[in-house]
Amino acid sequence: MAWLQEEVENAIKNVIEDFTDALLSLINDIYDAILGPIVGVPAPVSDSGYMVIGSPDNAPWESLYQDVYLPYILPLSIMMIVIAFAFVGLRSGSISEYRRKQLLRRLGLVFMGTFVWFPLVSIPLQFFDAVGMTIAPTDEMSAGLGGLIRSSL
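In the working numbering, the protein residues as written are 4 to 156.
Note that these hints are calculated values from the structure, not bench results.
Everything numeric in this text was worked out from a predicted model, so none of it was measured.
Hints are not guaranteed to be accurate.
Below, a list of computed lysine to any residue pairs in the SDA-like style, where the Cα atoms sit at most 25 angstroms apart [stated by the list, open to error]: (1) K16 to L26; (2) K16 to L29; (3) K16 to S28; (4) K104 to M82; (5) K16 to A36; (6) K104 to I81; (7) K16 to M4; (8) K16 to I30; (9) K104 to G116; (10) K104 to A87; (11) K104 to M115; (12) K104 to V85; (13) K104 to S80; (14) K104 to P127; (15) K104 to F118; (16) K16 to D35; (17) K104 to V124; (18) K104 to W120; (19) K104 to I86; (20) K104 to F88; (21) K104 to V119; (22) K104 to Y75; (23) K16 to D32; (24) K104 to A89; (25) K16 to W6; (26) K16 to A5; (27) K104 to L79; (28) K104 to I84; (29) K104 to R94; (30) K104 to F114; (31) K16 to L27; (32) K16 to N31; (33) K104 to L93.
Computed Cβ-Cβ distance ranges for the label pairs, DEER-style [what the hints assert, rightly or not]: (34) I76 to M136: 24 to 30 angstroms; (35) I126 to Y34: 25 to 31 angstroms; (36) P63 to V113: 23 to 29 angstroms; (37) Y34 to L67: 45 to 51 angstroms; (38) L67 to G116: 16 to 22 angstroms; (39) F88 to A25: 58 to 64 angstroms; (40) P45 to S99: 20 to 26 angstroms.
Even glycine gets a Cβ: it sits at the ideal position worked out from N, Cα and C.
When you get a sec, could you build the whole thing from the sequences and use the hints?
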């Protein structure tokens, strides 16, 4: 009867090991799926150095800049600025002189900001990329979440 007890214990151990392995692999896959797009994407770079002036040179930023930002985001933001400018012009009779000048200054800053936000944002993106790779390295740089969980068990 001792052999039956050993077989039952081994079967229970195998089921528990298979379940924990499947659960750890699921958690690791979810972790990689969430972390990859956040940390694994490099910061935008160009020949001009840390500040990207013009279009970025590396993927995925080059295609995003050319295929999304220039044809969609930039014209949409300029149209919204024109609509806001028209609103200020239409309401100029009911808005005080001080308030109208203040709104026009803000519109001017927003108009200039539509062209310089990408170069200014590229600097902190490089910083956050470096911090993210230090805190949560991806791919071959780390053992992965499953290895960390197994080592803590």
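For each hint, the structure was consulted:
At most 25 angstroms may separate the alpha-carbon atoms for a hinted pair to count; K16 and L26 meet this at roughly 15 angstroms. Simply put, K16 and L29 have alpha-carbon atoms about 20 angstroms apart, close enough for the 25 angstroms limit, and the pair holds. Between K16 and S28 the alpha-carbon distance is near 18 angstroms, which keeps this suggested pair within the 25 angstroms criterion. Our distance criterion of 25 angstroms between C-alpha atoms is met by K104 and M82, whose separation comes to about 20 angstroms.
With a CA separation close to 30 angstroms, the supplied pair K16 and A36 exceeds the 25 angstroms bound. Proposed proximity of K104 and I81 is supported: the alpha carbons are some 20 angstroms apart, at most 25 angstroms. Proposed proximity of K16 and M4 is supported: the alpha carbons are some 19 angstroms apart, at most 25 angstroms. This hinted pair checks out: K16 and I30 have alpha carbons roughly 21 angstroms apart, not beyond 25 angstroms.
Simply put, K104 and G116 have alpha-carbon atoms about 18 angstroms apart, close enough for the 25 angstroms limit, and the pair holds. A distance of roughly 13 angstroms separates the Cα atoms of K104 and A87; the hinted pair therefore holds under the 25 angstroms criterion. Pair hint K104 plus M115 holds up; C-alpha atoms about 17 angstroms apart against a cutoff of 25 angstroms. For the hint pairing K104 with V85, the CA-to-CA distance comes to about 16 angstroms; that is within 25 angstroms, so the pair holds.
Restraint check for K104 and S80: satisfied, since their Cα atoms lie roughly 21 angstroms apart, inside the 25 angstroms limit. Restraint check for K104 and P127: the C-alpha separation of about 32 angstroms exceeds 25 angstroms, so the hint is violated. Annotation: proposed proximity of K104 to F118 holds, straight-line Cα distance about 22 angstroms (limit 25 angstroms). Between K16 and D35 the CA atoms are separated by roughly 28 angstroms; this puts the pair beyond 25 angstroms, and the hint is violated.
Pair hint K104 plus V124 does not hold up; C-alpha atoms about 28 angstroms apart against a cutoff of 25 angstroms. Restraint check for K104 and W120: the C-alpha separation of about 23 angstroms stays at or below 25 angstroms, so the hint holds. Under the criterion of a C-alpha separation no larger than 25 angstroms, the hint pairing K104 with I86 is consistent with the structure, at around 17 angstroms. Straight-line distance between C-alpha atoms of K104 and F88 comes to about 11 angstroms, which keeps the hinted pair within the 25 angstroms bound.
About 23 angstroms separates the Cα atoms of K104 and V119, which keeps this hinted pair within 25 angstroms; it holds. Simply put, K104 and Y75 have alpha-carbon atoms about 29 angstroms apart, too far for the 25 angstroms limit, and the pair is violated. Of the pairs offered as hints, the one joining K16 and D32 holds, with about 24 angstroms between alpha carbons and a cut-off of 25 angstroms not exceeded. Between K104 and A89 the alpha-carbon distance is near 14 angstroms, which keeps this suggested pair within the 25 angstroms criterion.
Restraint check for K16 and W6: satisfied, since their Cα atoms lie roughly 15 angstroms apart, inside the 25 angstroms limit. Taking the CA atoms of K16 and A5, the gap is about 17 angstroms. The hint holds against a cut of 25 angstroms. The hinted pair formed by K104 and L79 meets the criterion: a straight-line CA distance of about 24 angstroms does not exceed 25 angstroms. Between the alpha carbons of K104 and I84 the distance comes to roughly 15 angstroms, so the proposed pair stays at or under 25 angstroms and holds.
Note on K104 and R94: the hinted pairing holds, with a Cα-Cα distance of about 12 angstroms set against a maximum of 25 angstroms. The straight-line distance between the Cα atoms of K104 and F114 is roughly 15 angstroms, inside the 25 angstroms bound, and the hint therefore holds. Proposed proximity of K16 and L27 is supported: the alpha carbons are some 16 angstroms apart, at most 25 angstroms. Taken as a hint, the K16 and N31 pair is honoured in the structure, with Cα atoms around 22 angstroms apart against an allowance of 25 angstroms.
Taken as a hint, the K104 and L93 pair is honoured in the structure, with Cα atoms around 14 angstroms apart against an allowance of 25 angstroms. The hint said 24 to 30 angstroms for the Cβ distance between I76 and M136, and at roughly 27 angstroms that hint holds. Checked against the given bound of 25 to 31 angstroms, the beta carbons of I126 and Y34, roughly 29 angstroms apart, stay inside it. Checked against the hint of 23 to 29 angstroms, the C-beta distance between P63 and V113 comes to roughly 27 angstroms, which is consistent with it.
Distance hint for Y34 and L67: a CB-CB separation of about 25 angstroms, inconsistent with the stated range 45 to 51 angstroms. Roughly 19 angstroms separates the CB atoms of L67 and G116, a value that falls within the hinted 16 to 22 angstroms. Checked against the hint of 58 to 64 angstroms, the C-beta distance between F88 and A25 comes to roughly 59 angstroms, which is consistent with it. P45 and S99 have their C-beta atoms about 49 angstroms apart, which leaves the hinted 20 to 26 angstroms range violated.
In summary, the numbered hints that this structure violates are 5, 14, 16, 17, 22, 37 and 40.
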